[in-house]
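Visitor: Spelled out, the chains give:
Number of protein chains: 4
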Amino acid sequence: MTQVIVLNGGSSSGKSGLARCLQAVLPEPWLAFGVDTLIQAMPASMRASEAGIEFAPDGEVVVGAAFRALEEAWIEGITAMARAGARVVVDEVFLGGAASQQRWQKALGGLQVLWVGVRCESAVAAGCEVARGDRLTGMAEAQAELVHQGVSYDLEVDTTHTEALECARIIAAQVH
Amino acid sequence: MTQVIVLNGGSSSGKSGLARCLQAVLPEPWLAFGVDTLIQAMPASMRASEAGIEFAPDGEVVVGAAFRALEEAWIEGITAMARAGARVVVDEVFLGGAASQQRWQKALGGLQVLWVGVRCESAVAAGCEVARGDRLTGMAEAQAELVHQGVSYDLEVDTTHTEALECARIIAAQVH
Amino acid sequence: MTQVIVLNGGSSSGKSGLARCLQAVLPEPWLAFGVDTLIQAMPASMRASEAGIEFAPDGEVVVGAAFRALEEAWIEGITAMARAGARVVVDEVFLGGAASQQRWQKALGGLQVLWVGVRCESAVAAGCEVARGDRLTGMAEAQAELVHQGVSYDLEVDTTHTEALECARIIAAQVH
Amino acid sequence: MTQVIVLNGGSSSGKSGLARCLQAVLPEPWLAFGVDTLIQAMPASMRASEAGIEFAPDGEVVVGAAFRALEEAWIEGITAMARAGARVVVDEVFLGGAASQQRWQKALGGLQVLWVGVRCESAVAAGCEVARGDRLTGMAEAQAELVHQGVSYDLEVDTTHTEALECARIIAAQVH
Chain S
246 MTQVIVLNGG SSSGKSGLAR CLQAVLPEPW LAFGVDTLIQ AMPASMRASE
296 AGIEFAPDGE VVVGAAFRAL EEAWIEGITA MARAGARVVV DEVFLGGAAS
346 QQRWQKALGG LQVLWVGVRC ESAVAAGCEV ARGDRLTGMA EAQAELVHQG
396 VSYDLEVDTT HTEALECARI IAAQVH
Chain Z
246 MTQVIVLNGG SSSGKSGLAR CLQAVLPEPW LAFGVDTLIQ AMPASMRASE
296 AGIEFAPDGE VVVGAAFRAL EEAWIEGITA MARAGARVVV DEVFLGGAAS
346 QQRWQKALGG LQVLWVGVRC ESAVAAGCEV ARGDRLTGMA EAQAELVHQG
396 VSYDLEVDTT HTEALECARI IAAQVH
Chain C
246 MTQVIVLNGG SSSGKSGLAR CLQAVLPEPW LAFGVDTLIQ AMPASMRASE
296 AGIEFAPDGE VVVGAAFRAL EEAWIEGITA MARAGARVVV DEVFLGGAAS
346 QQRWQKALGG LQVLWVGVRC ESAVAAGCEV ARGDRLTGMA EAQAELVHQG
396 VSYDLEVDTT HTEALECARI IAAQVH
Chain H
246 MTQVIVLNGG SSSGKSGLAR CLQAVLPEPW LAFGVDTLIQ AMPASMRASE
296 AGIEFAPDGE VVVGAAFRAL EEAWIEGITA MARAGARVVV DEVFLGGAAS
346 QQRWQKALGG LQVLWVGVRC ESAVAAGCEV ARGDRLTGMA EAQAELVHQG
396 VSYDLEVDTT HTEALECARI IAAQVH
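Going line by line, the protein sequences match chains S, Z, C and H. Under this note's numbering, the first residue of the first sequence carries the number 246, and numbering increases by one thereafter. Under this note's numbering, the first residue of the second sequence carries the number 246, and numbering increases by one thereafter. Under this note's numbering, the first residue of the third sequence carries the number 246, and numbering increases by one thereafter. Under this note's numbering, the first residue of the fourth sequence carries the number 246, and numbering increases by one thereafter.
Hints listed in this document are in silico derivations from the structure and should not be mistaken for laboratory results. Hints may be right or wrong, so weigh each one.
You can't tell identical chains apart in this list, so a pair holds if it fits in one copy or across any two.
For lysine to aspartate or glutamate, the following DMTMM-like pairs were computed, each having C-alpha atoms within a straight-line distance of at most 25 Å [claimed, not checked]: (1) 351 - 321; (2) 351 - 386; (3) 351 - 379; (4) 351 - 366; (5) 351 - 317.
These figures come from a predicted structure and were not determined experimentally.
Next comes chain S alone, as it looks inside the complex:
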């Protein structure tokens, strides 16, 4: 039985909308968490510091040691929720590519996981960034390719020309 769905894609590739659609089309209740949930849970001071997470004007994201330590605990926590019986959609941005996936794989070992790559053409993702009115732009473009490097998937979807709800149906068909 699939217990965890990991959606990995760059900023503005439509992952969180996709997660909401998955919750709507899957027959059982699934929890949805993302890296944004973790960032929100951190002290405000971590959101703009060298030890925490920094968003450079050019769209680069730099993550420090204190952030990494809390993230490790976060991954353990999400895994424990799944082991306790919850179904969980995780919406992630693998800034470290394959290394990021390995951190999750190590924790999730033994659980049934569906790994999903969420692609979106960099120009379209950049447009979504503008449409949301974000002050910081550039992340969509900086991350579009980066986050997929060396990552292996059970399934990939492309939100460039396919609506979130349709992508969700494609993914749901692979959930056991």
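Based on the hints, put chains Z, C and H in the right spot on chain S.
Guide: What follows is chains Z, C and H alone, placed relative to chain S:
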């Protein structure tokens, strides 16, 4: 010189993202207001009352007399901002079709206005509603055709298969 | 008949909560707008530029020429709403003290206005800033005294030791 | 070493502001999660259903079996984060009083926990509800006493007359 751009379309047709994109592609600074700005400005008690605005479980929206009175003043206010020299994008849902347009036309008389119809296939708009995780669904479908009845436009865009940023460029080309 | 209530106070002095409470205790429906409504309506690019509005790390706020021009039009618009019959609560931060008040007075001329000063001890306001988890801190302290310089009021309230709802009742008693 | 701080109090008693202040005054980085984080993570359909969570017009909150099952997994997950080394502030509403506390105690067994009761006079909490402009009111009053029944604390704070930042300093002094 175009002073006001009115975007009219159903719920979840992508108007507010389009408005943000217009602000990004137009060379001058434009203000963007929507019917949501007005609803936010009203007392909480108006958001669930017969005199105010009610959102029925099937997606129907019913507007009462007190809401209408404040809306009239709101339209006068937005018009006054344009007369005072501001460029304004208005993001609207013409629940009354042609009658709604006439209310704006009467107030805006004499100003250069670009009327834009924002279409989105009802199934796709309904999908966006799901992707946003709204508790109330059905508005997208209920409004998709309704809001365009009897309304005349300078220009129409369709967000079903065209990205917001591209639609914004098409509209911006008609702004003088 | 009082048509406009202007609440002026520094950042984190509790003005927006006070405006919501006023809407709840006043028998007629009042619209509530604030300088935040205006900032939200501006292009994202104006929120971090010399021509627009800049938030310095020490809490200072610098406003440029393009911001000022849009603000003038905004003031005209709010005034027009009141002239068209709406009752309006305006939640403001008079960064320019007396000069800011004069801009509003000039536009509102002839309308019945209740001018309310909203005080909050700078240490308590700074605490509210922390409690909200704002990334930028310092505004509360920088503005606590500044915004009241040379401003004349019909009424002053102090949110340091008085709850918002109680302050709202005190103000409502002066509304005709 | 204190690993977990559990803040328990009724709706609008100021717990989330208090959690933000704790993050600001404690020297180490703490994660802050609340029951709102869990509700946000659930499918939209759970937020208005008998199996999920229902908010009655009189302020009563009814929680169903599917909600309980996900909540159990959530508690396991938060506990696992603490066991993995993270410091965590939990902002909770013990609708079941002592029974709710026991669910957490069972999971957290062995970890150093600081149990904090957050009191707020029911009239003041109800005022905060109004000031936030919530559409649903009544929860503050319904929960003010209910959530503390049979619960035992290491420490209690009262936000009625004490600012969040000051309450946070009192709590922080008990953190080892």
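Visitor: Against the structure, test the hints numbered earlier, and report the numbers of the ones violated in rising order.
Guide: 2, 3 and 4
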